[in-house]
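Asks: Protein chains in written order, with my numbering: chain B, 111 to 272; chain F, 111 to 272.
Possibly wrong hints are sitting among the right ones.
One copy or any two copies: either way a pair holds, since identical chains are not told apart in the list.
[What the hints assert, rightly or not] Quick list of in silico lysine to any residue cross-link-like pairs, SDA-like style, CA-CA up to 25 Å:
1. Lys197 - Trp270
2. Lys210 - Ala229
3. Lys210 - Leu262
4. Lys228 - His126
5. Lys197 - Ala159
6. Lys179 - Pro116
7. Lys121 - Gly235
8. Lys210 - Thr115
9. Lys228 - Pro267
10. Lys228 - Arg272
11. Lys210 - Gln114
12. Lys179 - Gln224
13. Lys121 - Tyr243
Simulated from the structure, these hints should not be mistaken for lab results.
Spelled out from the first residue to the last, the chains are:
Protein chains: 2
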Amino acid sequence: MEQQTPVIFAKELLVHWQGHRSLTRRVIEAFPEEQLFQYSIGGMRPFAAMAMELIRLASLGITGMHTGKWDVYDSPLLEKDTPPATKEEILQLWDILTTKINTIWPQIRPERFQEVDKAFGMYEGVVANLMLYWIDNENHHRGQGYVYLRSLGIEPPPFWDR
Amino acid sequence: MEQQTPVIFAKELLVHWQGHRSLTRRVIEAFPEEQLFQYSIGGMRPFAAMAMELIRLASLGITGMHTGKWDVYDSPLLEKDTPPATKEEILQLWDILTTKINTIWPQIRPERFQEVDKAFGMYEGVVANLMLYWIDNENHHRGQGYVYLRSLGIEPPPFWDR
Numbered sequence: 111m112e113q114q115t116p117v118i119f120a121k122e123l124l125v126h127w128q129g130h131r132s133l134t135r136r137v138i139e140a141f142p143e144e145q146l147f148q149y150s151i152g153g154m155r156p157f158a159a160m161a162m163e164l165i166r167l168a169s170l171g172i173t174g175m176h177t178g179k180w181d182v183y184d185s186p187l188l189e190k191d192t193p194p195a196t197k198e199e200i201l202q203l204w205d206i207l208t209t210k211i212n213t214i215w216p217q218i219r220p221e222r223f224q225e226v227d228k229a230f231g232m233y234e235g236v237v238a239n240l241m242l243y244w245i246d247n248e249n250h251h252r253g254q255g256y257v258y259l260r261s262l263g264i265e266p267p268p269f270w271d272r
Numbered sequence: 111m112e113q114q115t116p117v118i119f120a121k122e123l124l125v126h127w128q129g130h131r132s133l134t135r136r137v138i139e140a141f142p143e144e145q146l147f148q149y150s151i152g153g154m155r156p157f158a159a160m161a162m163e164l165i166r167l168a169s170l171g172i173t174g175m176h177t178g179k180w181d182v183y184d185s186p187l188l189e190k191d192t193p194p195a196t197k198e199e200i201l202q203l204w205d206i207l208t209t210k211i212n213t214i215w216p217q218i219r220p221e222r223f224q225e226v227d228k229a230f231g232m233y234e235g236v237v238a239n240l241m242l243y244w245i246d247n248e249n250h251h252r253g254q255g256y257v258y259l260r261s262l263g264i265e266p267p268p269f270w271d272r
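All chains, full assembly: derive it from the sequences and hints.
Replies: This is the structure we're talking about:
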């Protein structure tokens, strides 16, 4: 096999990413309000703080992919380390970002995915790999949310259902 | 942007996958022997059982990608639901599989990634997406392993270090 064989295409990757995001949204929803902000295992962050990290990374990330500017905060809520006050606010930020990603994605120059950039001023790599990193990071933290939910006696949404 | 823009290429995807596998191997190693097989939160499986699922999926998966046969068990250990008796045995299976993946990968026909197949006789999809599923599944369960380790007071290997 030619190692420069293309395996994943832009359209499929968007569906893949948004499929993951749709599942993570249902994990946020599955938490009772109080536990979303307070429940923790082993000194780890509550799931609300993880969710805000995911929103922050993806929001700054999609803009950075598109424009090369990695510090464009769409909302003051994205600038601070503390999550917003309610689950509803987090879900609203989530949904705004879903639309933002769908809007920006088709505007990204095709050659952009193979360009080298320094994401968030820190992480140098090929843009496609930078993006995979934050998709992976979401999957990683969502898996942790599953343990939180299970230990609270709550059945999480099935992993395979995107 | 043309939505058929190729974003991820075979060579990078292999590096990406093996990078994830290298991290998961270090998570297995980080567990004390007893907790690997017995520790559980919220009624979930011990990490040894998750690790064996990951080995089974990837081993049958890489063969299935290559040949279209999804039921080729390389070892009797992969056929049963119970994990082997020791961490060392799991790590040996892990390493055999690492070599197997590297050996088979360049033999996969380029057009194979876009073919539709039914993985494990059950999951129909484009081969590239079927494979992403089991990479994601590994990431998901490894994130759960991080919570197990943290709750045992053990520092997991850093997520960004592949």
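Asks: Would you mind marking each hint as holding or not holding in the structure?
Replies: Evaluation of the provided hints:
1. Lys197 - Trp270: within (24 Å within a copy, 28 Å between copies)
2. Lys210 - Ala229: within (18 Å within a copy, 34 Å between copies)
3. Lys210 - Leu262: neither (33 Å within a copy, 40 Å between copies)
4. Lys228 - His126: both (24 Å within a copy, 18 Å between copies)
5. Lys197 - Ala159: within (11 Å within a copy, 34 Å between copies)
6. Lys179 - Pro116: between (27 Å within a copy, 23 Å between copies)
7. Lys121 - Gly235: both (21 Å within a copy, 15 Å between copies)
8. Lys210 - Thr115: Answer is between: at 20 Å across copies they meet the 25 Å cutoff, but 30 Å inside does not.
9. Lys228 - Pro267: Result: close only across copies, 24 Å inter versus 35 Å intra.
10. Lys228 - Arg272: Classified as between; 18 Å across copies, 30 Å inside a copy.
11. Lys210 - Gln114: Between copies only: 20 Å across, 31 Å inside.
12. Lys179 - Gln224: Answer is within; shortest intra-copy Cα gap is 16 Å, inter-copy 34 Å.
13. Lys121 - Tyr243: both (18 Å within a copy, 17 Å between copies)
In the structure shown, a violation is registered for the earlier hint numbered 3 alone.
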